[in-house]
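J.: Protein chains in written order, with my numbering: chain A, 1 to 81; chain B, 1 to 747; chain C, 1 to 159.
Hints may be right or wrong, so weigh each one.
As the list claims (entries may be wrong) - Derived SDA-like pairs (lysine to any residue); straight-line CA-CA distance at most 20 Å:
1. B:K12 / C:D95
2. B:K398 / B:I189
3. C:K96 / B:I691
4. B:K162 / A:A40
5. B:K125 / C:R128
6. B:K247 / B:A506
7. A:K56 / B:K406
8. B:K162 / A:G8
9. B:K162 / A:G15
10. B:K621 / C:R128
11. C:K96 / B:M686
12. A:K56 / B:P695
13. B:K406 / A:S70
14. C:K91 / B:P637
Source of the hints: derived by calculation from the structure; they are not laboratory data.
The lines below spell out each chain.
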Amino acid sequence: MVTVTLWGSLADLAGGQRNIEVEAKNLRELLTALDKDYPALRPQLERGVSVSIDGKIYNDSWFQPITESSEVVLLNRLEGG
Amino acid sequence: MAKDEFTPRTFKVVGTRPPRPDGLDKVTGRARYGADMSAPGMLIGLCLRSPHAHARIKSIDTSAAEAMKGVKAVVTRADFTTTPEDQGTRDILDNVMAGEKALYDGHTVAAVAATSRSVARAALKAIKVEYEVLPHVVDVDEAMKPDAPVLHEGRQQESVPKGYSQNVLARSQYGHGDIEAGFKKADIIVERSFTTAATHQGYIEPHACLATMGNDGQGDLWCCTQGHYMVRNTCSAILGMDAGRLKVTASEIGGGFGGKTTVFLEPVALMLSKKAGKPVKMTMSRDEVLRASGPTASTSIDIKIGMTKEGKITAAQGEFRYQSGAFYAMNGALGAMCGFAPYDLENLQSVGWEVVTNRPKAAAYRAPGAPMAAFAVESVMDELAKELDMDPIELRLKNAAEEGTKSAYGPTYPAIGLKATLEAAKAHPHWSAPLGKNQGRGLACGFWFNFGGDTCVSLMINPDGTVSLSEGNPDIGGSRAAMTMMAAEELGIPYEHVRTVIADTATLGQNEVTDGSRVTFAVGLATIKAARHAIEIMKTRAAATWGIEPDAVEWVDGAAQPAGPNAGKFPPMTLKEIAAIASNTGGPIAGHHEVNAEGAGVSFGTHIADTEVDPETGAVKVVRYTVFQDAGKAVHPDYVEGQLQGGAVQGIGWALNEEYIYGKDGTLQNAGYLDYRIPVASDLPMIEPVILEIPNPGHPYGVRGVGETGIVPPLATLANAVSRAAGVRMTSLPMSPPKLLAAIKAS
Amino acid sequence: MSRIHVNTTINGDATDYLCEAEDTLLDVLRDQLDMTGSKEGCASGDCGACTVRLDGRLVCSCLVLGAEAEGRTVETIEGMADGETLHPLQKNFIDKAALQCGICTPGILVAAKDLLERNPDPTEEEVRYWLAGNLCRCTGYDKIIRTVLETAAEMRGAA
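Looking at chain A on its own, in the form it has when it is part of the complex (with noise of 0.2 Å):
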């Protein structure tokens, strides 16, 4: 299981937990189980999120690892100038 920590906002849709885990072995399959797992983070999920895995921010690359060890955080989905 990895853990996926939430910002305050979107653990408030998820029962309050800033900490959830799920099941994923690289980004897609973390998406895909939050989706499932987490109905209320849908909205937020379609509006797009980036992720930080072990300190790197990521977009989109489904392929890109996770282990069980990662640290995992949600982010509002990030665009510059």
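Use these hints to put chains B and C onto chain A, whose structure you have.
T.: For chains B and C alone, coordinates are given in the frame of chain A:
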């Protein structure tokens, strides 16, 4: 992407300062920008814009305009019959051509194409629009109130608590720990409220395009943009055409700073061209640029920080309320994520709010959302330093984030360069230089994310041994030079043997917009990989010529050579020699690389400013300014310095002069450079850039994006310097002379 | 609408054109003569991107009517280099990275050349005030000011 791309090496080209390939065109006036292109039979397109801040469009009568001699097309929203699939693109359509309502002063409601500018102007006057003027709101705090005039119904996200106006679209809370417990541990707490005015990116080149749309369903578009692939994708979605049928060519770009990650005129010009059957050129006036493109959010921010008397932060709290104009933009959340990012905090609550108002849709402006947040947080840090009588650098070093710190936005930091910038500032003579009368010194830190994203590069080995490099990101600050340097470095050939061009959308695959400080990082990475690809092919050709195995060949100093004595004894074959026999050895040689370059490293900067305040007038003079920033590896140091200097001066303008001023009727009162005053040469001192080079592990040469972070610290740096010089804490930007004078008099 | 026939000299060449009464000199240069080196940043004389010399005096060509050029001499960025030889300011703007996006560069070069012809040894303050009417949003002016000062020194040395 592999985690550690970086390998230390000695550079031959990277780190030098060769002349830029686009230099000659730019100093002779030959370079073609957005408005510099024309086509045979071209028409001139102009927009009719709403004079009201908020109004229902009851009817539009274009018949008189259509009947005028020389008018070849008139379009309104009724011509845009495709509804784009995603909400973001629907918002862009609503922004480029108003639907049921005009949402801000300057919102386009119709457009014409005519044989001359004067005919087009006359045609605009002949269009009759019947408006029902609605109550409006332009202030972020007002717009959040439950009884505020509402721009859009039903767009509020599930994160917004009950009791707020529908204008509040989203709330994002970040942080960790227990702030109540943390504040209880504090010996001193400072709590302040701040406001910042909306500013414009202020690029000198107004938006411009030349569109040709035929009845064969094919389109061609020339425009100034930070991302022509984005323009293609957005325009084709709005026009309901296949992206592949629209070819977009990026002109030279006369500044963007985030403000040209947008689409305004392009779909309108394409629609006019389609209707008229002729090319249509559209160019915004400066008034239109200010009224209808680009501004930043204006903000209202509350910050509370508690510290022990030794200067260790025990808890921090921030509310970041950002208005993003008439449509959703994620700015407040970025403020909430970035404001406290320089610090190692045990207890933090940081909340960002996204609010819509009757102003033009906010666009990115260099590290969008971060400068205002840093202004508020760093001002409170400075006040705490004063209260505790501590050196502002020491106070920050005591609390500075480093490798292993849990960041304000959640993840644990890898190696970062914040402390290095603070130490460099501490050691710099500027920090200890004496100050004159009425002068004050300010310091602040800033953070920005940096991005990578979709990138394609093609690298062709020409028969004479020169190299043509194609990339898909408009060159906004010298990136063609940087790519040329990285290709030359990797191939082992002189800089002059490589020429880099910005390809159109039909020539390369998808490229992310030039944004997020991504180009030198991501396109540079793809350039190096494309060069390595070409090298592999060249090694294979040399091996075949020698009759040895390809893996027995290595690439050294621009030539293939046998790898060790066992591989065989052959003199090295240079790139030029391999290129000359390419037809004999298998055909033309080219390398390419396509990647979504994710995992860019975050960036920190620290700035110092000395200001002198005239107590009689409230005028501020910046007398000295120094920037410290980590570049990972500065590919072309001149252009890195240029980014740091330019970002600092934009921040100085934001801090001291620039603001959107709205009248009671919600119309913009200062839509021109005379009244929207950006810094001029005589306002400024030299800006000293200090580049630190702490390699980014995610890039083969250690490169880190540098474009945006430079605008994050200056607002706070100036506020701290002015507050110390004037003896009064300034909490509202800009610190214009009347505002500062009033504050001095009231203190 | 009848158009006005104008005879003028641009970058040393006798030139004539027809313009409408409302056309600015900048409109004529850009739209009729395809001399797009002069840029329109504001059309109100505030940004200096359209700076040209008219009878030896710096003007914003957006504030001069096309018809006013009758019988006068106009110097634009297109006339600054002598054939393939760049003016020292042009060369140094490339070599010393005094430009980023380059949109303000033509106006700044025309203005800086005029300054150095009037005052071959300006102070930093004089350069800053001389160029205060030419907006640049990319560079923070630092490298522009340095390059003008260094070019002035170089030209004095060469003379």
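J.: Check each numbered hint from earlier against the structure, then list the numbers of those it violates in ascending order.
T.: 5
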